[in-house]
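There are 2 protein chains.
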Amino acid sequence: MTRVEIWPTKGHPAVFAERLEDSSLPTVLVYGHHDVQPVDPVEEWEAAPFQPLERDGLLLGRGTADDKGHILMHLEAVRGILDAQGRLPVNLKLIAEGEEENGSEHFESLFREHLGQLAADVAVISDTGMLSRTQPALTIALRGMAYWEVRVRTSDTDLHSGVYGGAVLNPVAVLCQMLAGLHDDSGRVTVPGFYDQVRDLSGEERAELARVPFDEETFLQSVGAVAGGEAGYTLMERRTTRPTLEICGIWGGYQGEGAKTVIPARAGAKLSSRLVPDQDAAEVTRLVANHLRTTAPQGVAVEFDLIHDGRWVLTPASHPAVDAAADALTAVWGRRPSYIREGGSIPPVATIAELLDVPCVLLGVGLPEDHIHAPNERVDLGQLFRGMQTLGRLWQGYSDLGREGLRG
Amino acid sequence: MTRVEIWPTKGHPAVFAERLEDSSLPTVLVYGHHDVQPVDPVEEWEAAPFQPLERDGLLLGRGTADDKGHILMHLEAVRGILDAQGRLPVNLKLIAEGEEENGSEHFESLFREHLGQLAADVAVISDTGMLSRTQPALTIALRGMAYWEVRVRTSDTDLHSGVYGGAVLNPVAVLCQMLAGLHDDSGRVTVPGFYDQVRDLSGEERAELARVPFDEETFLQSVGAVAGGEAGYTLMERRTTRPTLEICGIWGGYQGEGAKTVIPARAGAKLSSRLVPDQDAAEVTRLVANHLRTTAPQGVAVEFDLIHDGRWVLTPASHPAVDAAADALTAVWGRRPSYIREGGSIPPVATIAELLDVPCVLLGVGLPEDHIHAPNERVDLGQLFRGMQTLGRLWQGYSDLGREGLRG
Chain F
2 MTRVEIWPTK
12 GHPAVFAERL
22 EDSSLPTVLV
32 YGHHDVQPVD
42 PVEEWEAAPF
52 QPLERDGLLL
62 GRGTADDKGH
72 ILMHLEAVRG
82 ILDAQGRLPV
92 NLKLIAEGEE
102 ENGSEHFESL
112 FREHLGQLAA
122 DVAVISDTGM
132 LSRTQPALTI
142 ALRGMAYWEV
152 RVRTSDTDLH
162 SGVYGGAVLN
172 PVAVLCQMLA
182 GLHDDSGRVT
192 VPGFYDQVRD
202 LSGEERAELA
212 RVPFDEETFL
222 QSVGAVAGGE
232 AGYTLMERRT
242 TRPTLEICGI
252 WGGYQGEGAK
262 TVIPARAGAK
272 LSSRLVPDQD
282 AAEVTRLVAN
292 HLRTTAPQGV
302 AVEFDLIHDG
312 RWVLTPASHP
322 AVDAAADALT
332 AVWGRRPSYI
342 REGGSIPPVA
352 TIAELLDVPC
362 VLLGVGLPED
372 HIHAPNERVD
382 LGQLFRGMQT
392 LGRLWQGYSD
402 LGREGLRG
Chain L
2 MTRVEIWPTK
12 GHPAVFAERL
22 EDSSLPTVLV
32 YGHHDVQPVD
42 PVEEWEAAPF
52 QPLERDGLLL
62 GRGTADDKGH
72 ILMHLEAVRG
82 ILDAQGRLPV
92 NLKLIAEGEE
102 ENGSEHFESL
112 FREHLGQLAA
122 DVAVISDTGM
132 LSRTQPALTI
142 ALRGMAYWEV
152 RVRTSDTDLH
162 SGVYGGAVLN
172 PVAVLCQMLA
182 GLHDDSGRVT
192 VPGFYDQVRD
202 LSGEERAELA
212 RVPFDEETFL
222 QSVGAVAGGE
232 AGYTLMERRT
242 TRPTLEICGI
252 WGGYQGEGAK
262 TVIPARAGAK
272 LSSRLVPDQD
282 AAEVTRLVAN
292 HLRTTAPQGV
302 AVEFDLIHDG
312 RWVLTPASHP
322 AVDAAADALT
332 AVWGRRPSYI
342 REGGSIPPVA
352 TIAELLDVPC
362 VLLGVGLPED
372 HIHAPNERVD
382 LGQLFRGMQT
392 LGRLWQGYSD
402 LGREGLRG
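So the protein sequences, as listed, match chains F and L.
Heads up: the first sequence begins at 2 in the numbering used here, then just goes up one per residue.
Heads up: the second sequence begins at 2 in the numbering used here, then just goes up one per residue.
Incorrect hints may have been included.
Said to hold, decoys possible - Computed, partial: chain F to chain L, Cβ under 8 Å:
#1 E47
#2 C177
#3 G225
#4 I248
#5 R275
#6 P278
#7 A282
#8 T296
#9 V303
#10 L307
#11 H309
#12 Y340
What the hints assert, rightly or not - Every beta carbon over 12 Å from chain F, so not counted as near; a handful from chain L, in silico:
#13 E77
#14 G117
#15 R154
#16 D159
#17 L176
#18 A211
#19 G230
#20 W252
#21 D279
#22 N291
#23 E355
#24 D401
As the list claims (entries may be wrong) - To be clear about the criterion: a stretch of chain L counts as covered by chain F if any three or more of its residues have a C-beta under 8 Å from a C-beta of chain F, and this derived list gives those stretches:
#25 179-186
#26 341-353
Since the hints were derived computationally from the structure, they do not count as laboratory data.
Glycine included, each C-beta is placed from N, C-alpha and C at the ideal position.
Let the sequences and hints guide you as you build the complete structure.
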């Protein structure tokens, strides 16, 4: 039985599709998302962001890697299996939601609403990446996140910088002071209590991470970035196992050409934290809000809003559903996958793990150089093709394990 | 002989008008400007910025106070004198330039080009204000200024805050650190050498400033501002006699609705200094640029541009041309004017003083609550009418002094 439905939400709709072969077969729920990040700065794109451009084995365009390429990979894998075998070795359900890039605000309520229809034995999430074309990987952990907006106001109106300059507080200067004070010289977050809930990595976990083939120089140089962050941790540890507090945007006063001699009335910033086990987003939100309010000079109006948050995820690396995925990857890539932790956040994965109580296997074929969230996002078509082959093997592997075997 | 001309520049044109009565009479050059500040944030205006709205004796609109209202005041004064007497008691020249709000970039070359036609015995600049409706004032000093843009870049492209967060420098955080470091806890500018050229006020000058009727609370409360600035100086001293280093604008990363989980590649800010005797704009520019480059973390690309600058002005308060203006103000307002210093900058005044070698009398009728450079700029029409009466008396006063007497 095949069915495709559009599920409306209070925000953007999700698409649900299922092909149920036989109730005795294992059921796999595949998760992806059809929404994408904004395209700005649009002037830095080499081609129109929504006009796919194929070049040198790459497909450029917004969403090609994050995450429409992965959805395409699943659909084409299904098509290939059906062409060859006429049926799937598992029951397959796909949910492609439309709000992942905005924190999946309505995903949990949508999921609860359709919980019966979404029931599965295992969930496969394809919104992650590998270390390189030659080194496959399975993601066993995701960071969570909390995203905030902070705004300060120091006067009722913009002021002439000559008439008032020297006499009054400048909201941009105030905000810069507040934000500059969020980290110390060693790159540690200064918000009191920020690290209290962080579970330290074991020596074994650090050793495992250190074995992951990963070239820091290449990672940084591919995007021209300057190394930064918390002292005392490797770059890989900092970007996957340590919490962050980033400024994602800032604004205030005059931003146009030339000069406007103004002391603005207001300034604001977008902040976000990547959260790790066992941090609680609500608690971190409370700590950051309190700290910013406390460090603002007297008389300055501070507004602080939570935009969205999402929990971190940790999947047992020893689960048979993960083993089967590792076997499929090994067969296609000719090399065992690394077990890695992703620094990014996929809030709905936590929802799926919690509401279905099934293992979540994070199987994605993105590459570090895909420029996701940035201008000129691209996907490597070779990765997509190998991903399709992997899925063919994986569904057969899950079929062989059976519903019982998948319970682990 | 009456003449009106439009003088083109490489930027915006100036308007020149003259009425020459008799070469034995003193010649007055009046300066004003017809350009205005940008109107943004336009959504905070109560009416369209260029649709004048009269209400309760006020005229709202961009430029009503700064500086078109002053030009209107001069034109209507001339009309009144001609209606009553058929001729002016002086030769009058008016130059209204079009680039004052952008640093008068072409004013000096324009002035040099037309130097012969601009020759005068005294210059009257009407682009300043008074302390209140009941307390007239003559401005004897203006601060100079330098306006800069600084941009930092930490990567080639925007980066996903999950994939890279914790591993790389964030340009907004870097910029906030650099800008937060420009002032110490006492509000003093930390740029080495910044105060080296500042001429300290004498005890007498500080006493004179302390006598100026000025209510700090009213000044701040009228715009809802929070007091700030350099410790150890009165608010009046800080805003008129001390140099500043302000952030006029800042930008970087995502500024839209909701969330974009990005580490931007770039961030930037507009900075400006108000300069006081004997600071040199080029020297201060060098110091600030060096300091920002020095305090940026290694690997961060820093670009720094001078947008424009202008010299401070100091006019001898004892000059007969100033005395005559004080007498005219006293006759109309019924109270002697205060001799004040303005915190703002009018770069062309320095040009006029230098190229014509004449006393510059700064006679303006703006009020602190005029909201110049801000939404809902307004002018008090009563101030304009009293200003016209004052000009009638002043031109007669200059006529009585004669060309010799005006030399001081």
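Original post:
Does G117 of chain L sit more than 12 Å from chain F, CB to CB?
Top reply: holds, 31 Å
Subject >> chain L contact restraint for V303 of chain F - C-beta distance below 8 Å >> reply: violated, 12 Å
Subject >> 12 Å Cβ clearance of W252 of chain L from chain F >> reply: The assertion about W252 of chain L is violated, with a minimum of 4 Å to chain F.
Subject >> L307 of chain F as an interface hint toward chain L, with CB separation required under 8 Å >> reply: violated, 10 Å
**OP:** Take a quick look at A211 of chain L and tell me if its Cβ sits farther than 12 Å from every Cβ on chain F, holds or violated.
**Re:** holds, 15 Å
Subject >> Supplied contact hint for E47 of chain F, tested at 8 Å Cβ to chain L >> reply: Constraint on E47 of chain F not satisfied, violated at 12 Å.
**OP:** Decide, holds or violated, for the assertion that all CB atoms of chain F are farther than 12 Å from the CB of L176 of chain L.
**Re:** Contrary to the label, L176 of chain L does not stay out of reach of chain F, its closest Cβ about 8 Å off (not over 12 Å).
Subject >> Interface exclusion of D279 of chain L relative to chain F, criterion Cβ beyond 12 Å >> reply: Check passes; 18 Å lies beyond 12 Å.
**OP:** Say whether it holds or is violated: D159 of chain L keeps its Cβ farther than 12 Å from all Cβ of chain F.
**Re:** violated, 4 Å
**OP:** Using 8 Å as the Cβ threshold, decide whether Y340 of chain F counts as touching chain L.
**Re:** For Y340 of chain F, the interface hint is violated, since the closest Cβ of chain L sits about 17 Å away, which is over 8 Å.
Subject >> G225 of chain F as an interface hint toward chain L, with CB separation required under 8 Å >> reply: holds, 3 Å
**OP:** Examine each Cβ of chain F, and state whether all of them lie more than 12 Å from the Cβ of N291 of chain L.
**Re:** Correct as stated: the minimum Cβ-Cβ distance to chain F is 20 Å, above 12 Å.
In this structure, the earlier hints numbered 1, 6, 7, 8, 9, 10, 12, 15, 16, 17, 19, 20 are contradicted, and the remaining ones agree with it.
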